[in-house]
Amino acid sequence: MRVLMFGWEFPPHISGGLGTACYGMTRALAQKNTEIIFVLPCTSDGKSVDGGRLRLVPASGTIYSRETEDRLETATRELWEDKLTVHPVETLLFPYDTPETYAERLRWRRLAGLDTDTAVSRHHRDTEISYTLKGGYGPDLMAEVYRYSRMAAVIALRETFDVIHVHDWMTYPAGILAKMLTGKPLVAHIHATEYDRSGMSVNEDVARIERMGLHAADRVIAVSHLTKHVIMEHYGVPEEKIEVVHNAVARHDVQHRYTIPPRLRHEKRVLFLGRVTFQKGPDYFIEAARLVLEREKNVRFYMAGSGDMLPRIIRRAGKLRIGNRFHFAGFLRGPEVDRMFALSDLYVMPSVSEPFGITPLEAMLYDVPVLLSKQSGVSEVLNHALKADFWDTRDMADKICAVLRYPALAKELVKNCHEEMKSIRWENAADLLNRIYHAVCTAGGC
Amino acid sequence: MPSVCFYFQVHQPYRLRRYTVFDLGQNSLYENDDLNCDTLLRVARASYLPMNDLLLKLFRRHGRRFKVGFSISGTALDQFEQYAPELIDSFKALADTGCVEFLGETYGHSLAFLYSRDEFARQVEQHATRIRELFGQTPRVFRNTELIYDNNLAKTVEDMGYTAILAEGADHVLGWRSPNFVYQPSNCLKLKLLLRNYGLSDDISFRFEDRQWSEWPLTADTFAGWCHSVNGAGETINLFMDYETFGEHHRADTGIFQFMEALPDAVLAHPDFVFRTPGEVSDACPPVAKIDVPQFMSWADAERDLTAWLGNDMQKDAIHALYALETQVAATDNAELRESWTRLQTSDHFYYMCTKWFADADVHKYFNPFGSPYDAYIAYMNVLADFELRVRAAAPAAVVSETGTAETVTDVTDAPQKKRAATSGTTRKSGAKTRKPAAVKTTDKTAPRAGTSEKTKHAAEAAQK
Chain C
1 MRVLMFGWEF PPHISGGLGT ACYGMTRALA QKNTEIIFVL PCTSDGKSVD GGRLRLVPAS
61 GTIYSRETED RLETATRELW EDKLTVHPVE TLLFPYDTPE TYAERLRWRR LAGLDTDTAV
121 SRHHRDTEIS YTLKGGYGPD LMAEVYRYSR MAAVIALRET FDVIHVHDWM TYPAGILAKM
181 LTGKPLVAHI HATEYDRSGM SVNEDVARIE RMGLHAADRV IAVSHLTKHV IMEHYGVPEE
241 KIEVVHNAVA RHDVQHRYTI PPRLRHEKRV LFLGRVTFQK GPDYFIEAAR LVLEREKNVR
301 FYMAGSGDML PRIIRRAGKL RIGNRFHFAG FLRGPEVDRM FALSDLYVMP SVSEPFGITP
361 LEAMLYDVPV LLSKQSGVSE VLNHALKADF WDTRDMADKI CAVLRYPALA KELVKNCHEE
421 MKSIRWENAA DLLNRIYHAV CTAGGC
Chain S
1 MPSVCFYFQV HQPYRLRRYT VFDLGQNSLY ENDDLNCDTL LRVARASYLP MNDLLLKLFR
61 RHGRRFKVGF SISGTALDQF EQYAPELIDS FKALADTGCV EFLGETYGHS LAFLYSRDEF
121 ARQVEQHATR IRELFGQTPR VFRNTELIYD NNLAKTVEDM GYTAILAEGA DHVLGWRSPN
181 FVYQPSNCLK LKLLLRNYGL SDDISFRFED RQWSEWPLTA DTFAGWCHSV NGAGETINLF
241 MDYETFGEHH RADTGIFQFM EALPDAVLAH PDFVFRTPGE VSDACPPVAK IDVPQFMSWA
301 DAERDLTAWL GNDMQKDAIH ALYALETQVA ATDNAELRES WTRLQTSDHF YYMCTKWFAD
361 ADVHKYFNPF GSPYDAYIAY MNVLADFELR VRAAAPAAVV SETGTAETVT DVTDAPQKKR
421 AATSGTTRKS GAKTRKPAAV KTTDKTAPRA GTSEKTKHAA EAAQK
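Keeping their order, the protein sequence lines are chains C and S.
To convert, note that position 317 of the first sequence is 317 in the working numbering; the numbers rise steadily by one, no gaps.
To convert, note that position 121 of the second sequence is 121 in the working numbering; the numbers rise steadily by one, no gaps.
Everything labelled a hint here was simulated from the structure, so no lab data went into it.
Glycine included, every Cβ here is placed at the ideal spot set by N, Cα and C.
Check before you lean on any hint, since a few could be wrong.
Taking lysine-lysine and the DSS-like style, the derived pairs with C-alpha atoms no more than 25 angstroms apart in a straight line are [said to hold, decoys possible]:
#1 S/K190 to C/K415
#2 S/K356 to C/K415
#3 C/K411 to S/K316
#4 C/K422 to S/K356
#5 C/K268 to S/K290
#6 S/K290 to C/K411
Computed beta-carbon distance windows for the label pairs [unchecked claim]:
#7 S/L174 to C/E380: 50 to 60 angstroms
#8 S/A335 to C/G199: 51 to 61 angstroms
#9 S/A302 to C/I260: 38 to 48 angstroms
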């Protein structure tokens, strides 16, 4: 079985859970002898991992001929102009944006001297054509998505494979194009929907691409039952087409043993780690913190991450006069994240809408008990976690207090999580994926 | 002459509400009144009342040839009175037939024997008194909460004057022996031991409605045939089960009531067979051997041990914290606190904290009003923390200082009362009386509060229907 996989991010260049999930998934698939050609917008040239079974291919700079261009042009126009009616003009579009932050970033880009046009170039050398892609979630994301779809389709024409597997809306157009050109079955994986990311202010173009991709796919994979219901409700995807494959966490040995500084030992630390945006519910976290601090003395709250809501949260902390107990750690990476997890006594994920949410699983690798919002996909697989509705800050505060007051609670949670984590493995997800690949291939007659 | 011996367990716990850290010290309303009332009314309608009616009918039909044993926990009786008083009348009517024997247990359906012999004795006495008052019988057969049993319990119960005790017929205890005989605990001289025939009991209480079961649908004649096959190789078939089996665990449309209606005739069709209550079995049958049970056993789960209530650290933490209050509660000499404490001892609270089968979503989850063992633990510990504050506030000054807790009481709402209790020489009463929140507690039996009286009325109406 050889899979052509279209993805948008892959470690070490990640900005969210999508890259982490793709990494874990492809590694586990490769170990089960599934060959994967993983096409990214850009990567430091085609390297192979896992004994050559996982090959990373950059779409950026793919050179193709005039003849291919002609063939591609018809399909591209049919998809982008007739079906999607999305115009990939180079705008400062960002999937997690609000108008204010958009303007803010525009100003920053000008100050930093970044010009959107120079980063992308289209080469015309008589008969050969190519684009350069930057990857990431740049301001001209839709244009990147458009160019990526064309070049990924070219790669699809060149490679031999059995099935196309695409991750999230950025790669859906590429997947649809590849399916149109090669006739291979398409599996669309949905890690987050536009409705999760944006709440009420949905970007219609993105939603249209999601709808088209999900309907064009032979099989849809949702990361949770929660997401499955979202796409059934908002996009009308028939239930029998959707399979739920929960994410997992890649076990990595914790390299460092972090010791808690003596002066902090009489205190407990409660952690929020994630984008400080509407979706992640940071405002509910600070309200819960306020309630807890009314009752408990020896506790500190840490908010790690950045996002458009950060200034508001900081102002709120000041207004509540809890700034000396509520700390902002900024955006953390690598070992800093490890350290933060390791020093925490409780990890809180108060997400308003979380299709899956891998971070609680990471927290559990450090033996940190977790408190999840019930509106998260991960709570479907984690039984041994505390759960609260994201809007119920009193309940959340009650549970935080309980962890601080009754040591047996944290101990029991961690002990049982250890057992539970044994079954939350990418190997299991890979088995499910392989079954789905075989199913779509036999149905498609290949 | 082999007998079939039915004993039905009737129990309802006072389930706690989601009592949070914000309620702590502010109010002492621990119980989920709505849930308790709804549950009781539901079970009364589906199970208790129709089954009582059926039994009454069977007693009339068979004269004294059909009889059963009942064990009704004190918390269940309290809830009957509080929410559905007609249940008390219904059970009294059963008692008047003379075909029913009431067994003794701990008032709060508690695990007291494991942690405090004094409290155990007190609760057994309290329960016996209650049964005597209501049904005019003094229990002479004892069954401990969830059939938890060991040698020491048997000895204690013998010393209290009981003639027999019930236990699970667990394989690891019986070995090659049959549960269909009367035994004697190894360290007892008079007490008889009746063991549950779990195979035949579970055929009714668990497998009856299981369509995958090869014997489905089970008829009274088939079941009676199984009982008759014991003839010659046993003296009694002890069928012990929850009373909710009839109508609640197995809905009326499974045919469970028809099964039970037909069963006496089917069993009595064999001339050698009779029905006996547990007390009559112990009178009629001499013990055939001694049984040694050095470790605790119960009728729960596959393990038949205590891990359903005391298997993890949360459960142990909670129960130790609970029984650590014993002397202080006793010192307050306050009936209301005593009642609260009894209710907090109900085994169900600890059962809800069980993580053993949590991932499998089976019976534990079915019974758990919290949905998660962690939530159950959190609510329970918050309640216990508030209860401790009340106990300290009500305790005589001497005890408070003796246990060294006076200094640690920091809750602002309690501080003035404590001071008053300490300064006014008359102690207790003043301390208890000043605490208004405690006085509103849900435990007032004689005068149901406004909120529940309406529900009681509904129950009465439902019963009339």
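Hint by hint, here is what the structure shows:
no. : hint                                 : verdict
1   : S/K190 to C/K415                     : violated, 46 angstroms
2   : S/K356 to C/K415                     : holds, 12 angstroms
3   : C/K411 to S/K316                     : holds, 13 angstroms
4   : C/K422 to S/K356                     : holds, 16 angstroms
5   : C/K268 to S/K290                     : violated, 55 angstroms
6   : S/K290 to C/K411                     : violated, 42 angstroms
7   : S/L174 to C/E380: 50 to 60 angstroms : violated, 43 angstroms
8   : S/A335 to C/G199: 51 to 61 angstroms : holds, 55 angstroms
9   : S/A302 to C/I260: 38 to 48 angstroms : holds, 42 angstroms
The structure is inconsistent with the numbered hints 1, 5, 6 and 7, although it conforms to all the rest.
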